[in-house]
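Student: Given the coordinates of chain A, work out where chain B should sit on it, guided by the hints.
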Amino acid sequence: MLYECRKKENCFSGAQVYEYRLLAGGNEALLNILGTVGELTIKMHFPRPFFQVVFEDGTTVNGILQDNIMKAVFPEKQWQDSRLRWEALLTAILSGSVK
Amino acid sequence: MKLVYFNNAATSWPKPSVVAAAMADCVGHIPCQDARSGLEGESVSETCRERLAALLHIREAKQIVLGANATHALNVALHSFPWRNGASVVTTASEHNSVLRPLYQLAKTKGLRVHIIPVDVEGRVEPEVWRAALKKVQPSLAVFSHASNVTGAVNDAMLLGQIAREAGAVTLLDASQTTGFLPVYPETWHLDMVAFTGHKYLLGPGGTGGLYISPAIAPLLQPVWVGGTGIHSNLEDMPALMPMRFEAGTPNNPGLAGLSAALAWRAKNTFQPNSLLKEVERLCAGLTELGADVIDVTRPRTPVVSFTLPKWRVETVGEALQKSFGIVCRTGLHCAPHIHAFLGTAPCGTVRFSFSRFTQAQEIDYCLHAVHALLT
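Listed in order, the protein sequences are those of chains A and B. So for the first sequence, this note's numbering puts the first residue at 4; every next one is plus one. So for the second sequence, this note's numbering puts the first residue at 117; every next one is plus one.
Sample of chain A residues lacking proximity to chain B, with all beta carbon distances greater than 12 Å (derived):
#	residue
1	L5
2	Y6
3	R9
4	K10
5	L26
6	E31
7	A32
8	V40
9	K80
10	S85
11	R86
12	E90
13	L92
14	S98
15	S100
Lysine-lysine pairs mimicking BS3-like chemistry, simulated, CA-CA at most 27 Å apart:
#	chain 1	residue 1	chain 2	residue 2
16	B	K439	B	K427
17	A	K10	A	K46
18	A	K74	B	K439
19	A	K102	A	K74
20	B	K251	B	K224
21	A	K46	B	K118
22	A	K102	A	K46
23	B	K427	A	K74
24	B	K118	B	K394
25	B	K439	B	K118
26	B	K252	B	K224
27	B	K427	A	K80
28	A	K74	A	K10
29	B	K384	B	K394
30	A	K80	A	K11
31	B	K252	B	K226
32	A	K74	B	K118
33	B	K439	A	K46
34	A	K11	B	K427
35	A	K46	B	K427
36	B	K118	A	K11
37	A	K74	A	K11
38	A	K74	A	K46
39	A	K11	A	K46
40	A	K10	A	K80
If you are wondering where the hints come from, they were derived from the structure by calculation, not from laboratory data. Note that the coordinates shown come from a computational prediction; the quantities given were computed from them, not determined experimentally. Using N, Cα and C, we set each Cβ at its ideal position, and we do this for glycine too.
So here's chain A without its partners, still in its complex pose (with noise of 0.2 Å):
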């Protein structure tokens, strides 16, 4: 297993957030490869850098630099397609299979 996967709940029922722990490592160079397929943000000059991709279906993803948490953010129509792209994507890529 790559990452650990949890739904967080938030104010709204509809919402699809998920929080995933990577079991091996920060999201350095995870973050380098996102940035390819998505519109990478990173706020360098935050004491703890932040950072956002956004990819063309809306699902957003964000995270400090260097940690091994994520939280991704799946648009509610069709969250399901969203989440399983995303998660076919990172498991390549921590996998080696993308780099």
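Tutor: Just chain B, lined up with the frame of chain A:
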């Protein structure tokens, strides 16, 4: 990273050190509970009740029913109320789900007609709108909050209560956001019921709160939380005596010991809100200058600030503030779903900072620095 805590409207932190000490002391001693043990001595719940009565200027402490929190108190008030068929209730768009959800449930189970009146752009009830609604609806009960947990806007509880009384309604005030920060005087204001919580500005632990019930109204309520009271065990019904009529089961004595200690501490360490409110106003001005959309609230108010940032989702602001800057706050609807339509913050809600008497000026400075970083 040192955490900066700006979520006191949810639960206050830090607590005075006497709170934890009193709770540990309570757990460490043989319990002494009137009628539930043979041991005589000072009752934790009675001492707490007396201290609350002193704070709230209530003549007879027995009119205060202790419970788990304000949500518990509001449920006791609303579900015990003698609703007749076709009864109506008037409440406001700034209410918390602890008021709204019991009312929705009563609408489904008892056919209660729930009328929700609008609030202004600060989240405040306008007295003339309140008066018009009460005159039109002629409700059995009028329920309203003393202050919005989203904006901090404080209502004139005495005036709104008077208007409700003139319309023939029983009054229930949700004083969760003000008890311990501003005066709350149920009897002076002629309110029938007032719900409050121990873990916000009273600086007590979670799991404590209470409901003031006036002597005139108490006999009319039918308790729904029923069980052992330690006295009159031979009766099938709950005893008529206050407060045990509404206090079935073993109380949260460690929590009440903590709340009691907090009340004693507060009495010796008086607090004037003005300097904190000036800092709140400084923060609002600073946020506005940075480009935040701040919900502008005039006094009277509590130390709560709601805002949004351009190009940032509110939830992401909260995450960035906490994970990158160590600032703990709250984002979203704040369990008050209707108010946002009036504030212009629907559907996503706001970022909320809420302060306490322990908040320091340099923490406000740090907060402004963090928001500046988010916007650059």
